[in-house]
Each structure stands twice: as structure tokens, then as C-alpha cells.
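Letter by letter, the chains look like this.
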Amino acid sequence: MSKCRIPLGPFHPLLEEAEFFDIKVEGEKVVDIEMETGWMHRGHEKISETRSYTQSIFLVERICGICSTSHPFAAAHAMEDIDNVEIPERAKYIRIFIGEMERIHSHLLWLGLAGHFIGYDTLWMWTWKYREPVLQIFEKVSGNRNHYAMFRVGGVSRDFDNALIPEIHPVLDMLEKKMLMLAGAVKDDPVLRSRLKGVGVLTKDDAINYCANGPTARASGVDIDVRRDDGLEYDLVNFDVIVLPNGDVYDKMVVRVLEIIESVKIIRQCLDAFPKVGGEYLNKVKHISPGEGIGRYEAPRGEVFHYIRSDGSNRPLRHKVRAPSFSNIPTYKASCVGIPLADALITLAAVDPCYCCTERSIRVVDKNNKKLEHNILTMSREKTANLKKVVAGSEKTPIDRIFED
Amino acid sequence: MLKYLFYLLVFPGFLFASVFGLIVGWIERKVSARVQFRVGPPFFQNFYDVFKLWGKEIILIKNTPYFIFVIAPIIAFASVIMTSTIVGMSFFYHVGIGGDLIFIIYLMVIYSVCLILGASSTGNVYSSIGAGREMKMLISDELAFVLVILVPIIQAGYKIDLTQILAYQNANGMIIGSASGIIAFIVGILCLQAKMGLVPFDIAEAETEIVEGPLMEYSGPLLAFWKLAHYMMYVFLPMLLVILFWGGMSFASFGSIMAGIGKYLLIVVVMILIRNTNPRVRIDTAINFFWKWASPLALIAVILAIIGV
Amino acid sequence: MAFYNKIIKKSIWVFHVSASPCNNCDIEILDLITPGYDIERFGIKLVGSVRHADVLLVTGVVSYKVAPRIKQLYEQAAKPIFVIGIGTCTAGGATFKTSYNAAGMPLEKIIPVNAYVTGCPPKPEAMIDGVLKLLGTLK
Amino acid sequence: MKRLFVDIPKLLKEESLECIDCEYLYHEGANRGVFSIVEIAEFGAYCRQCKESFCIEACPKDALEHDENNMIVRHNMRCVGCKSCILACPFGTIFPEVINYISQNCDFCLNQLENDPNYVPLCVKTAPNETLTMVDIDEDDPENNIYLVGSRMAVKTHHWRNKVGKNK
Amino acid sequence: MSDKGTEFFEKFQDKMTKVIKKPRRNYFNVKNEDLWEISDYLFNTMGCRLSICTATEVYDGLEVLYHFSDDTTGIYYNPRVKTGLKNPEINSITPLIEGANWIEREMYDLFGIKFKGHPELKKLLTINNPHFTEDDHPMRFNRNRTKEK
Ligand code: SF4
Ligand code: SF4
Ligand code: SF4
Ligand code: SF4
Ligand code: SF4
Ligand code: SF4
Ligand code: SF4
Ligand code: SF4
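These protein sequence lines are chains B, D, E, S and L, in that order. Residue 1 is where the first sequence starts when you use my numbering, and the numbers rise one by one after that. Residue 1 is where the second sequence starts when you use my numbering, and the numbers rise one by one after that. Residue 1 is where the third sequence starts when you use my numbering, and the numbers rise one by one after that. Residue 1 is where the fourth sequence starts when you use my numbering, and the numbers rise one by one after that. Residue 1 is where the fifth sequence starts when you use my numbering, and the numbers rise one by one after that.
These are calculated hints, taken from the structure and not from any lab test. Being a predicted model, the structure only gives us computed values, none of them experimental. It is possible that part of the hints are untrue.
With a straight-line cut-off of 30 angstroms between C-alpha atoms, the simulated DSSO-like cross-links for lysine-lysine are [what the hints assert, rightly or not]: (1) S/Lys83 <-> B/Lys284; (2) B/Lys129 <-> B/Lys177; (3) S/Lys13 <-> S/Lys125; (4) D/Lys159 <-> D/Lys292; (5) E/Lys97 <-> S/Lys83; (6) B/Lys286 <-> E/Lys97; (7) E/Lys133 <-> E/Lys10; (8) B/Lys333 <-> L/Lys15; (9) B/Lys129 <-> B/Lys204; (10) E/Lys97 <-> B/Lys284.
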């Protein structure tokens, strides 16, 4: 059968790693994957240089909304690393709480979308139903469902309301029960098993050589977890690092399910600690002295890395951001070649759960606008024209120039 | 003549099948929503959808055979109307045309072929992959489907008319009462799932893999044709199973009418539940499944039927 | 015409275009179809092909690289089509205003827009409200 | 030793400081190191260094503090640029344009001066009417109202403690 | 610092300059020629993982900081390599560490640093972007902004 190119993407939403997969298939078999990135490139590193540290934290939060707390977490670590800023114990617990709640929400999100990718919409709906209470807790704790804006250099920006603890416990109980059930179901469901077991294997050697991290590496038997290795806040709580040996999609899924259960345990410890640990939650830093700092955090998808170089002013000279997927995405080359197309998609999804497969575009140009609904169309055009005049003025933007011919 | 025109266009043909199909489509969406802890769409949702599509623009693609692109959904739609008329006639009026089972099998194939043709005419990668998959599905499920249909034919004494199969069942009890009947019925439901492109066999239309596969490039009224045809299949395919295995519907009493409707709805709900509790399988798994398991099973049923069990 | 407008209000198929967003608006859009919000109640459905869409939900600051694609997508959609910009990003660029790769601030520079739903990210309720309000303007 | 010399009275006569460029590499375009120079200069020389400072009282973010020499320092990680301190100061010491949320930074072109002692920074090149110059100065010169501030700067201003200099 | 770390610093003592040792972070300058050897030691002998590299533009050139993470102790080893402003060139370590492939491409894209020996050095992030030409490196400072009197 002849070779055929399948453009996958480019609408994959990521920071610098938004990609366009050009999958070459022979019949249904993947023979090569080319990745083209840069669709979502927004130049955070450059923008950050024009922002103060406090603003930078909110800026990096908007690198990505799925694990939106991990970037602020790492950025705050990096800034604190320059001067070895002490943060109050209560702030540490609040940070852990937010981080772990987010891990739950993020893993559930991935699980649901993974279900969606393999056409199991019921699994999607169910997991997202369990995810909803988590977001509601976030709304109660931080005021927003997704971008929590909780992090500051030297602590957190809001206190945790101890009165919420009785509301959170039932959610945790529910989650734990459902996750145990789900873990059992995943193990027993023959269709799911046959669909995921042995698919898209990433060997341990490949994982190390590609510098993979996070669940992707842990499912391949590489025992790394920044929370344990880097210590800092996480020295206060006990948890296990889940490591599985096989490196296939199934193991990646199981790692995530088990991590949710671990997260529930960690959050319980935080909730127990909150009434006991009172006091300040923000150490108001005066200055950040010249120097350089490295901060990292174990995001749901792996190690988030931030490097900040400071000159003593209140904005960074250089702010380097490395999201986990940047290291994990290239592992496709090792795990996808030679497997069927349908498997390739779930493998892509398993490595990098930012949902890469929901959108894509096609390259067909056509102009046969039979204006069936003339008035609505003209209405919208007129309105746009007016708005354009008001908002943009009449000067030509670079983008207009692109489209001129 | 006028009578047949009425059959074709009003009941149980075009008008009935489309209206009822849209309603069954609503049931499908509603039950799925319920399984997924959602509320689901309002009753008239599918009607709105189809009417809206009628008002949209049709986009034709440069440098492609427009003719095939346009004609494919219309032929498919026509073949679906024919099928539903034939099935409906024997379901409601107990009248048939000679050899209608053969006719039905061919009409079903025409539908799939139109889908493949329409999709390939667009030249879009996703659509062509969808077409390729549809072709593979057709190859894999067709044998099983024919074998399944063979069972009642054999049991009824090698009769290929639906009315005669019904008459046989009225006289000797339902075919599902026999061992071969049960096996064939189960395989039959799976075949329906594949024919209708429902999960786990919605490989050709896998939304997350190849967008909407064959239907990707269709828009406006042409898409409405496909959607309507799809929903109409919800009407006559389960009906066909009811006729073949469950003795159809008799209008003798209110109870028997309700029983007929009940049988029909039961099959629909089973299909919806299967759809909602399974992930999509891979194309090779599906082919394997149909060739290694479903078809041999159906063959066993046929053999059993020949022996007379 | 009036009849048609009435129908289209009841059956809205949306296609989700994510044009260099931060993902958050996108997951909130997906949240809409899950049990918590379930917009299928209002006849709103997410579709996979732009040809089937009635409404494009665009998220994110459109980068120079996706801008031509977005324009293409808009052309490929069967008319009538409405465009809703979701999130502050589409309306004004939010924190990415100074980015060297952001072309679409506001989104109207690239394709005609009928409505914006701002917020970072907007609450799902706000999105539903935005879609319904836009359709409410149809006579 | 060469120091950056700021003539504050002259500088204040200028309509704006916008035209003074800074070649500080990292915050390209958005940096005006001269603001931070003026800030240091004004706190060092202009300010009365009140015991119970109104500016400190007024600051909602605790960003202003006395350091060990009783000089006012502004902590740039705390300041939110609300400019309450400007309103509060009874002596009009603090200039509104220099207190910004995003701090502007001057490193006295240390990097270049290391390589070339006779280096002329860009701010000096672009400053109008020689408001900024490089001069060789090693100690205070109260006669001419010139005072050293920090290790690399000198300013010319009316020093409130200074009874010697004439009002020019 | 762990034994491995002390051993490492003793072994390469004379190849490093400007060593900054903090409890968990070590920064040191190395020469372009020694980069391969040091990376090899860090990656293969000490089992470190290459987290990422940071390129920075400074007054007199460009520097690349390689972040090697020792995951058993949480310590970072950061060799820094300097190169000039014109025709910046550094030896590639992609043949050694497959994971450095994208990292080096990214630095080439944003800063224009050429990596000698990289298998396919093309742009990563602004590739095929109509707004950027092949020579645009968006993270570089625009140094022609003198507006003298
Ligand atoms: S790993 Fe994905 S979800 Fe997480 S921050 Fe990065 S882009 Fe976002
Ligand atoms: S508006 Fe906010 S949440 Fe939405 S894409 Fe932009 S940054 Fe993300
Ligand atoms: S949502 Fe907040 S950060 Fe975003 S534009 Fe509005 S005020 Fe600013
Ligand atoms: S001395 Fe150098 S850094 Fe300071 S303001 Fe002048 S040009 Fe800028
Ligand atoms: S501008 Fe800064 S220093 Fe002045 S009062 Fe406001 S916060 Fe305090
Ligand atoms: S009150 Fe809220 S919105 Fe206003 S400045 Fe403070 S943080 Fe910002
Ligand atoms: S600076 Fe702006 S936000 Fe702050 S008090 Fe004044 S007017 Fe209000
Ligand atoms: S109130 Fe004015 S004079 Fe007094 S210490 Fe503050 S700035 Fe100086």
C-alpha cells in the first residue's frame, strides 16, 4: 500500500511545544513521525523579562491551564533559590495542598480525554464528573476554577480557610473510592486491556536517553520524582513514588490512577496539619539580589524547570522555562514508529496529555460561498468592519500584509 | 400503485422512517446522556439539527468530482428509504415483495458503497482513511450479517421472504427460542452495531482519530441526507431483527402491539448500552473479531439451524 | 428566514479552534459538554469537522503561524457561521500583549468576530451565556 | 575614580526624561536606568530623612524603610507603584516618574567600565544639556553642592543639611 | 555534596573556572572543547539527566548553561559555555544525549547559536512561521538602538 501523510494538528495547545504531527502511514501502520512545533509559541521567556517577578508568576501560570499551578510553583522556587528565601510552614502546606489537588484534577482530565481518544465517551463523562467537585473546591479556596493565582515569592497570596476542611474530606473519600474502583475496572476490563496493553512501549533505555520525566519515565521504570528528590515543601509529607516497569500506555494509565490515590493521601495529611499550623502565610520579600536560581516542581506530567537570572531589580534578566512535555514529546519517535495509526494516537495522548487530538485542520482551499443566509452574513461582516475601525484604527497590521495576496 | 407510493413516501417509507428515526435518535442521545450522568437534549433536538442543516451552505471542493460527491448521499438516502419501506411493509402490513431479504442485503451494501464513494471523491486524507476503514468494515461484517440472516431463512424452510419467515414464526414460535436463533441474534446485534457505525465499531467515523471520517467534507443539506439516513437505520435495522428472530409485531391486540414496540425498543436500548460501555476497537481487532469469532459463531448457528436445533 | 433563525438557535454545532491559548479556556469549553454543565440540553454540540459547524469558538492569542490557518478554517466553514472569541486572550491579548508572536489581538484582525466572552478563563456559565446571548440577537 | 554625575536641578528643568536612553542590555527598550539613578540621588541627598517619616507611614505595602544610615530605601519587590508616598512627603522629595511598579535598573554600566575605564555610557551621551556626565570626583564638595552617593555616583543638589553652598 | 560530586569536581578541577557552589546548585564555566567530556562524565558515569539548557545573551557574547540534574540527590551541575556574538558556535552533544536534540534546536531558533555536529539543525519554534525569516532569532537583543545626540 502506498505511503500516505496524515497531518495531525496543528491545533495542539501547549506552550512552546504545540505541535503538528506529520504522520507517515503505510496503510494503517505508522512508518515515521515528523513533528513541527511553534504553533502555540507565545514567547513567554521574552515577555517575562518585561514583567516584575510577581507578574511573572501570573504570566507563567498562563503558560498552560491544565497544570496551571506547576509553573508558578517552579518559578517561585527559582526566585526563592536565588536568595534561599525561607517560606512559612503554613504556606508550605497550602502549596502542597494546591499542587496535589491540581494533580488530581489534571490526572482525571487526562484519564477522561484518553477515554475520549479511544471512543469511550462514558469513561470521559464519568471521570470529568468526579473532577467537577475538585474544581469547586478550588473555587472555594482560591476564587477561581483554574488559574488560582495562589503563588508569590515567599509564600502564597491567600490564606486557606480552615472552615473548608469538613467540606473537602467527603470529596477526598469519594475520589479515593472511585479511583480504587477505576483501578479495579481498568485491570479487569478486557477491551480496555487489549486496547492499551503492550501498546506504544517506551523502553527504560530510551526513556533515559530522551531525558523523559514524570509519569512517562516512571511508567518505564525510571525512578524519578522531583517532589521527593528536591524536597523543599514535600519533606513535610509522606508519600510513595509509583514506578511501573513496562512503559506501555496501560502502565502510563495505571501510574496516573495510582498517583491520584497517593495525592489523596498527601492532601489528607495537609488537612490534618492546617488547624495545627497557624501564623503567617507570606514572607514578604524585600529584594531579590543579583544571582541565578533554579526551581523545579513535579507537575502532573513531569518535571517543570525554571531558571531565573536576576540583577537585583524586580524583574528577571532571563527566565528560562522548560515544561515537562518538551522532554517527553520527542519520545514519540521511540515509541510510535511501527505501530498502527489508531494506537499511535493513544500513545501520543499517553505521553502528553494536553489533548492533542481534539482539534486539527485540513488543507483544502475552497471558495464557493453560496450565500444562503445573506443577511446574517452581511450583518456579521458589517459589525466586524465597524468594530475593526473602532478598535484597530485604519492602519495596516502585519497580519493584514500576510493576507494581502 | 398509489398504495405503494404511499408505502414508499409516507408510511413506513420516507416520512415515517425519518420522523421516527429522529425520535429514536433522540432516545439514543438521551439514554447515552443518562448513562453519562447528563440530562441530554430536548425532544425535538434532532429535528432542529436536520432543519438547520437544510439551511446551510453546501461546500463543493475544487478539482474533485462534484457529481459523485453530490449524488452519493442521495443514492444512499434513496436506498435507505427503500430498505425501510420493505422492512416496514412486512413489519406493519405483513406484505412483502418476493425475495425481499436478498434485496435488503443488496440495498445495505449500496449504502456502504455510496459512503465509500462519497468519501473518496473529496480527496481528503481523513475522508479517504475513513473510506478505507468503511471498506474493511464492510468486508468483515458482511459475511457474519449474511450468515445471521441465513439462520431464520433455513429455519423457516429456506424461505427468503420476510412475510414467510413471519408466518413460520407465527406457526412454530419465535426463532430466538432455538439455540441457533439465540447465537445468531447475538451476532446479529453486533453486526447492527458495525453496520450503524456505533462504538465499539465506529472505526470509520472515529471522531478523535480521523475527525468524522467519510462525512468530514459534507456540509449543509448533503450532510442532512447522511444524518437522516443514519437515523433511519435506527428504525429498520432493529425492526429487521425483530422480524427475523422475534416474530415481528402483530396487531391482534393492544398487548401484542405493546409487545412489538417493546421488543423493538429493547434492541435499540441494548445497542445504545453497548455503545456506551465500550471503547472503540482497532480496525484490525474488529476484522479479527468478525472473521475469527462472529462469522464462525454465525456459521455454527447456521449449521445448528440446518440440523434443526 | 425568521423560521430559520428560530431553528438555528435551537441547534448549534460548535467547532472549537484553539489558536495558541493556554489550554485553560479549552478545558473549560470541554467542561461544557460534561455532566457538570451539559450544554447538550440547549442543543449545543461539539463537532469534529469545521464543515459541520455553526459557531466557531476561538481561544487564545492567535500566533503568526496559526493565523493563516484560522483564516482558512473560517473560509472552509459552511455559512452562516458565527465566531465567538473565548477568553481575554482573544479580546485583547491579556498577559501576552507584548509577545513577539501574537498576531490576533483582538481576534478581529484575522477573522470577523460576533462576540467575545472575556475572563481568564471565563466560567462555563459565562460561555453558555455568551453563546445564547449572541443567538438572542438573531431576529 | 570616574563617577556618574547627576545634576539634579538641571535635570528637573528638563521637560521630560524620556529622551535619555539607557544601554542596559537586558531590559531592552523598557529600561530607563536614569530613573533609578535619580531615585538613589533624591533619597541620598534631597530627602530630609525624617525620624518619623510620612512616606513610610503612608506606604500601604511596607515598601519603604530606613536603612542603617537613616537613608530611605525602597524595596522593589514590595512596592506596587501606588505613589502614596509621593503625596505624603511634605517636602516634595519624591518625584512621581521615578517610582514605578516595574523597577528600572542601572548598573552604572559596570560591565563595560570593567573593560574600558574611559567608557562613556549611553545615558551620558543622550542626556540633554550635560545633565549627566562622567566626572573624576573622590570626595564631597559642599561648596558646589556636589555630594557622593553610593560608590559610583555623585549628585549636584541642594542639600538640606548644607548651610555652606549658595542657592544657584 | 555527595561523594560523586566531590569526585567530579576533583577530576575536572583544572577545566573549570568561576565555580559557584551552593548547597544544591553548582555553576561553573567550561571551555567549548571540554564540554563533550564533561557532559559524557555527567550523563553516563554519574547518571545525571539533562534537564534543559539555557542560552543567555550577555554584553560580550552568548552563554549556554547546561542543567544536569542528579536525581538521586537533587543536586544540579551547571556547566556554562561561552561563545562570541558573531557566528556563535558550540559543539553539539546530541550524538551523546538524544534528549538534547530539541533543546539545541530551540536555542538555535531563539538565539542563533549553531551547534556543530547536530544531526538536523533547523528551527524548532518559529519554523515555517510567515512572520520570521530564517535569520530571525527572536530572543536576541537588538543592539542598534543608539540614538546619540
Ligand atoms: S505539561 Fe502540558 S498541561 Fe502541563 S503545563 Fe505543560 S503544557 Fe500545560
Ligand atoms: S484567556 Fe486566559 S485562560 Fe483563556 S487561553 Fe488566554 S490565558 Fe488561557
Ligand atoms: S482577568 Fe484579571 S488579569 Fe486578566 S485582564 Fe482582567 S484584570 Fe487583568
Ligand atoms: S550608566 Fe549605563 S546602565 Fe546606568 S543609566 Fe546610564 S546607560 Fe543605563
Ligand atoms: S509607591 Fe511604592 S513605596 Fe510608595 S507608597 Fe506605594 S508601595 Fe509604598
Ligand atoms: S484589589 Fe485585587 S484587583 Fe485590585 S489591585 Fe489588589 S489584587 Fe489587583
Ligand atoms: S494608582 Fe490606579 S489603582 Fe492605584 S489608587 Fe490610583 S487610581 Fe487606583
Ligand atoms: S517624608 Fe519625604 S523627606 Fe521625609 S523621609 Fe520621607 S521622603 Fe524623606
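Hint-by-hint comparison with the structure:
no.	hint	result
1	S/Lys83 <-> B/Lys284	19 angstroms, holds
2	B/Lys129 <-> B/Lys177	14 angstroms, holds
3	S/Lys13 <-> S/Lys125	18 angstroms, holds
4	D/Lys159 <-> D/Lys292	28 angstroms, holds
5	E/Lys97 <-> S/Lys83	25 angstroms, holds
6	B/Lys286 <-> E/Lys97	28 angstroms, holds
7	E/Lys133 <-> E/Lys10	13 angstroms, holds
8	B/Lys333 <-> L/Lys15	36 angstroms, violated
9	B/Lys129 <-> B/Lys204	35 angstroms, violated
10	E/Lys97 <-> B/Lys284	28 angstroms, holds
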